[in-house]
Every structure is written in C-alpha cells, then in structure tokens.
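Student: Following the hints, position chains D, W, S, U and H against chain Z.
Residue numbers (this note's numbering), protein chains in the order written: chain Z, 1 to 140; chain D, 141 to 280; chain W, 281 to 420; chain S, 421 to 560; chain U, 561 to 700; chain H, 701 to 840.
Note that these hints are calculated values from the structure, not bench results. In this text, a Cβ means the ideal position worked out from N, Cα and C, and glycines have one as well. Any given hint could turn out to be false.
Below, simulated BS3-like cross-link-like pairs (lysine-lysine); rule was C-alpha separation at most 25 Å, straight line [claimed, not checked]:
| hint | chain 1 | residue 1 | chain 2 | residue 2 |
| --- | --- | --- | --- | --- |
| 1 | U | Lys624 | U | Lys671 |
| 2 | S | Lys543 | Z | Lys120 |
| 3 | W | Lys383 | U | Lys610 |
If you want the footprint, here are the derived chain S segments under chain Z, 3+ residues with CB under 8 Å [unchecked claim]:
| hint | stretch |
| --- | --- |
| 4 | 523-530 |
| 5 | 553-559 |
Some, not all, of what chain U presents toward chain H, calculated at C-beta under 7 Å [to be verified]:
| hint | residue |
| --- | --- |
| 6 | Lys651 |
| 7 | Asp652 |
| 8 | Ile654 |
| 9 | Ser656 |
| 10 | Asn692 |
| 11 | Val694 |
| 12 | Glu695 |
| 13 | Tyr696 |
| 14 | Glu699 |
There are 6 protein chains.
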Amino acid sequence: MIYIVRKEHFNAAHKLFNPSWSKEKNEKEFGVCSNKNWHGHNYEIEVTLKGKLDPESGMLINLKILSKILKNEIIDKVDHMNLNMDVPFLKDVITSTENVTIKFWEILDEKIKSLNIDCKLHKIRLYETPRNFVEYYGEK
Amino acid sequence: MIYIVRKEHFNAAHKLFNPSWSKEKNEKEFGVCSNKNWHGHNYEIEVTLKGKLDPESGMLINLKILSKILKNEIIDKVDHMNLNMDVPFLKDVITSTENVTIKFWEILDEKIKSLNIDCKLHKIRLYETPRNFVEYYGEK
Amino acid sequence: MIYIVRKEHFNAAHKLFNPSWSKEKNEKEFGVCSNKNWHGHNYEIEVTLKGKLDPESGMLINLKILSKILKNEIIDKVDHMNLNMDVPFLKDVITSTENVTIKFWEILDEKIKSLNIDCKLHKIRLYETPRNFVEYYGEK
Amino acid sequence: MIYIVRKEHFNAAHKLFNPSWSKEKNEKEFGVCSNKNWHGHNYEIEVTLKGKLDPESGMLINLKILSKILKNEIIDKVDHMNLNMDVPFLKDVITSTENVTIKFWEILDEKIKSLNIDCKLHKIRLYETPRNFVEYYGEK
Amino acid sequence: MIYIVRKEHFNAAHKLFNPSWSKEKNEKEFGVCSNKNWHGHNYEIEVTLKGKLDPESGMLINLKILSKILKNEIIDKVDHMNLNMDVPFLKDVITSTENVTIKFWEILDEKIKSLNIDCKLHKIRLYETPRNFVEYYGEK
Amino acid sequence: MIYIVRKEHFNAAHKLFNPSWSKEKNEKEFGVCSNKNWHGHNYEIEVTLKGKLDPESGMLINLKILSKILKNEIIDKVDHMNLNMDVPFLKDVITSTENVTIKFWEILDEKIKSLNIDCKLHKIRLYETPRNFVEYYGEK
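Looking at chain Z on its own, in the form it has when it is part of the complex:
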C-alpha cells in the first residue's frame, strides 16, 4: 500500500459571498475576502492516490496519467478563471477553500473510480496561500 502525490497550480479570482446574507453580514463574516470586485490567488493543489504497486511497472500509476486527469478535469476549468462566475461545478457554492476542495474531490474521485485501476483517491490538499490550506479525505 503506497501513496503517490502530484502537485499542480492554477491562478483564479474569487470572493466569499453568501447571497442569502445582507451586504453587512457578508462583510462582517468574510472581511476583505468579500470585496465585491473580487481578489485572487495562485492556488496549489496536491492530489494523493493510494493503492498497490503494479510489479511490472514499479508504479502505482504513471504520474503523466494523473497529471493529465488533473489538467482535463480541474486545471483547464479553473485556471485564469473566476471561481464564482466561470466554473459550472462551483455555481451556487461559496468559493471557500473548503468548498472548492470538496468539489474537486467529487470530480476526481468519480474519474479515478472510472479508470478501474487498483488505486483510489486518498487526499486532496488545496493551498489558497502558502500559509492557508485545506485537506480533505472524502470523510462524511
């Protein structure tokens, strides 16, 4: 049982905003993160897969495959985008690092299960900044 990690990055705009709250409550709860004209980040995403080695290749999964999945399923959809406005799977979601991470999990977990290989998604770590980040293991 071994774990393999691939790290990718993307640049995006967002703001924290709950439409069912007043302008004042949004500002009180989210502070500068609710600036109405957006702000943005250089996000870093680390995806960990867990499984058994293929003895023939000596690999859990070729990282080129994982990197390509990340590109197609995640990076191409969020890089140089506005997370609140441009990303269908984040529509009607508060784009907190927590929520974005969980949405990424749902997409990647389904995709990796569909590969029918002997490994599964174990963890996603999403850095909003080098000092603020979230980890998710798919736990309910």
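Tutor: Leaving out everything else, chains D, W, S, U and H in the frame of chain Z:
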C-alpha cells in the same frame, strides 16, 4: 469532516539544557545545541483544525479567528523571546522542539475547546529548521 | 554602500485588457490573462533600498519603517482588491506586472525621498507567480 | 506519542526500464523517463520516526543520530550515483520513486529496530521533484 | 528600461569529466561529480530580458513567447536527457553549470536578437541545486 | 566573466543593542529585536564569486572549495552561537544584518584574495528571515 491549516512564524533564542545533568553530560547529549550563550531559529508552526463545515459560511472556521488565537496565545508569547527564560509556560522545560510542540498543544487545545464550536485541534507541526520538525496529534 | 530588502505579499484580482483594442485583439494578445471575469494572484513584492549605514544603529533603515511604508502606501491599497477596478493609481493602466511595478516605484520613490534620510529606492521586484516576475530600477 | 522528521537530499541519475519489456513498450509506458542515457534528479527524503519522549532529554531521538543513520545507510550509497547501476540494493529493481522508497524503508526499518530504542520508523516521503512524490508507511 | 524574468525547470543526468585528464585527475578535481555512471539534477533556469515597455500592451514581451522560446530552444533539448551524451550543443563541453549556462546564453541571445523586438537577453541564472547556481550576463 | 553562488545556513542568537544608548532608547529604536534575553534566526548566506572560467575544468572555482572556505571562515564560527557574545570578529559590533554582512565580507574578501586565483568576491546576501535580507558588494 475537513481539515484546515494555518501557518505562522516566530523568531526565538533557546538552548537544550538539563539542569540535573553535568555540563559534560549536557554537551555530550545535546552537542552544539547546548551552547551556554544560546542560539536561535526562525520557527514555523502549522496548526490543523478538524471538524464539519458550517454550510452557511462554507468554512470550518474563519482563518482570521484561528490566526488571532495563534497570535494571542502563542506568537505574542514566544516571538523575539528566549524560550528558556522569557516564556512562563516553558519554565522548567527542556526546550526541545518536541516539548515546545506539546506545550503549544496544551494551550491551543484548551483554547479551541473553550470556543464551543464544531471543530477541534487535530495536529501541530513545528519546524525548528526547514529540515528538522516535529508533529503532534495530542496522543498520550 | 549597502542594500536592504523587505519582501511583502498581497492577493489581488486583475485582467489584461486594452480598451482601445477589439475583444478579439485582446484575446489574441493576452490569451487567458484577458478572461473578462478576472483571474488573480498571490503577488510578492521585494523592495530594495540603497544607502549608507547609520553607525549609531548599525542599520541602513529600520525594516519596521520600510515595512510600515509598504503597508500604508502599497499593501493596504492593493491587498484583496481588483487591480483594474479598486486601485486609483492603476486606473486607466493595463495591469501587467511591468506597469504595476512602475506605478509602485513612482509611489515608493516619492515617499522615500520625502523621508530625507540617507538612503534611496534601488529596485522593486514583483512576482506575479513564482515563475514570472519583473524587476525595475527606475531607469528611463 | 510524538513524531519527528528529518529531511535530507541527494542527487542521482536513473531511468525507468523493465528489461523484460521491448524497447517500444518501455518507451510507451515510461516515456521520456526511459531515455536510455539516463536523466536525474535532486531527490529530497523526509523520514518520520514515532515514539515516546525520553523525559530526561525531552527528545524522541537526537536528530544528529537520525541524520547520521540516514547518511550512512542511504545518502552515502545513493548521492552522486546512478540508482540503476551503482546501488547494490536497487539492483534488478525498476527505480521508480515508489520502489526506491520501499527499499529505503526496508533498510531504515531494520536499522532503527536494531537500535532498541523506544521509537520506530513511521513514514518515508521521497520527492523526485517538488511536484512528484511518494509516501510509504510500511503497509503491506 | 524594465527587466522581466521567466523561470523554467528540467531534469537531466550529467558528469564532470575532462577526457584529456587521467581518471585519477578527474576524480581529484571533480570528486563525486565525476562518478563514471553519471548523477543528475532538477535544474532551474531563470532568464531575464531587458528593454522598453510596449505602451500598447503594457508588456516588455508576452511571457508566453519567452516561455515558448525556452521550451523549443532549451527545455525540449535537455529535459530528461544526459547533458554529456544527448545534447548536440554540449558535445565536447565539460558540463559544469558554468559551461551549460554559457551555451544556453549563446543559443538564447541569437534567438532573441532574431526576433527584432525592442528587448534583449540580460541575464541567465542556472540552479544545479537550490544551493549551487551560476549567473551569466554575456560578459567576455 | 561569470558569477557563481554558494548558499549556506547557520542558526544563531543575537540582539540589537547599542551600549552607549539608554535602555529606553534601545527599546525605542530596536523594538522587540532588543529583548535583553536574546532571540534568534535561521540565517542563510549566499556568496557570489566573479571571474573567468578555467577552460580546463570548465569551472570558475570548485564549489567544494568555496563551501569549505565558508565552513571554516564563517559557519563554524557563528553556527549555534550567540553573535553578540561568542564571535570574536563581532565583538563591539551591533549585530544588525547589515553589520554582520560587512564583517563577513571583510573575512571572505581577504581569504579569497589570498588564494591567488582568477576570481574575486562579488556579493554577499544575508537572509535574517525569508522576508528580511541585506546585500553587500564591498562598496565604500
């Protein structure tokens, strides 16, 4: 169940010294780390909280709150200080990275429990240098 | 003659857009950076001052002073903002890293000259990402 | 129960190659990583030990001891080497990050058990690049 | 006059070896870097261009163009290669960081001059490791 | 003409204190950096040499030589030390990053001149923290 991490830093002096040991034994066990006139580090602390998302805010906890707790309870008490001489909660403690981490846990765990929110302290990682660090989960 | 550097960071949204060009030309020239709904970055700014040591303090300038100038003159005006919409001194400017750096220079150079101390602004380095950055020395 | 981590680095050449496969299959599976004349990396290895503090020293283990074990058992045998050709314990192994990590585990786990101290190997993380890495906990 | 920098990376094998020297002299001068079976690095290259802003685009040069030049002229020729064996422009060159940097300069300087734009190559910095690097400004 | 850089690190305690000033003036000028019981840092030093390549070796200087000079002349004298109390060449000096850098220059410049090789000290960069650093070129 999601995990959120905040990283902060502080600069401090310390030395490793067991007063019940001879000067020679301190030098033998602790080497250059026992230099009597102190040395110091740029410490980095990563604090992980674990809990359930608040669906209204999309957050586990506002990182501003966690950052402020870290500032008040830890950083203001150790930054630009001598860990052996200036920090009441480290009095009579050998200021190894292990012991300092455990003391930080005790303080932060109590503080976070007192907030009565749906998350708890999960892990503290303390870097003494980028190549030496300690992790603690509150396990006895 | 010695050089001292302070590094600060801010998070902002922006897009590259020349209003005198067609939508098509903007897309052709600026690519994904012209996404109409913005994207964003964790910017890092390094400011270098050059001058003679004060023999009494052993310092060129107290970095707390430089850090406070950066906070008041730059960071508070751009952090968690939209560079195109929220920043008066970037109004009508294409918010390329080059232009933003030059505007920062104009502000900081004037401010540091007004201090009447024996040092001057030497260089600004602005990171848009860890792999893309600009350097400016005030050269015309 | 506390965890202590030491990070070391080494520079090595390698290639991914399965001698039971055709040249074409090796190229198809391993891509540029199978370049017959080798390529190389600045590897980083993080080794985590887990155990109980020694109350007298305040330490789990003196990191100088762990660092010396890493030097003698691992770094001296792989640094500035060709992992496929120069390292006896990697002979007949596909030098994927996964396999190299598992071999490092076998060596370090045996060595640390032989010390008869109150701590054991918990985890090895091996970075091939800052964006590709493997984690192993000795799980079968 | 402004400076813009793009950083790229590649992984390669090499060894330091002067064929006109004896095996012993190579070992004495180059130490472990002359290991006959090669070793390798994750190289990082920073390329600085210098010139005047294009007022229409607000840019010195679109970094996509610089990134593409680096990919075509340098990265595709050295990534996952053996610098001594696989790279025509390094044939018969001792692959020290110094020599590799100068060869990169010759290629990039000619290429950038051929673009007939208002900027020129100013500096190349090549990291062999995060602690060993070379800078070259084309000075004879 | 080429530039080669070697980066080393050391951990030390210090405080900023001018003995000809009152306790109050020291606190006013130096703030928390004047804490009487010291604080400390993980310093990083980057030393740049400039000169002509030796065509036989393809190197400006073997970095092992530079690294050994740094170890003998600087690191062994300051690592795990108190800069104010334990370092003869910093006696009676305010241990600001500026002053420490200039003292390092004097030592290294003399040492490198004494080697009678075709390169000279060009620059020292000293990081007190990743966000505060000083550069010195030996300019009077």
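Student: Taking the hints in turn, state whether each one holds.
Tutor: Hint check:
no.	hint	verdict
1	U/Lys624 - U/Lys671	15 Å, holds
2	S/Lys543 - Z/Lys120	20 Å, holds
3	W/Lys383 - U/Lys610	18 Å, holds
4	523-530	violated (count 0)
5	553-559	holds (count 6)
6	Lys651	14 Å, violated
7	Asp652	11 Å, violated
8	Ile654	3 Å, holds
9	Ser656	4 Å, holds
10	Asn692	5 Å, holds
11	Val694	5 Å, holds
12	Glu695	4 Å, holds
13	Tyr696	5 Å, holds
14	Glu699	4 Å, holds
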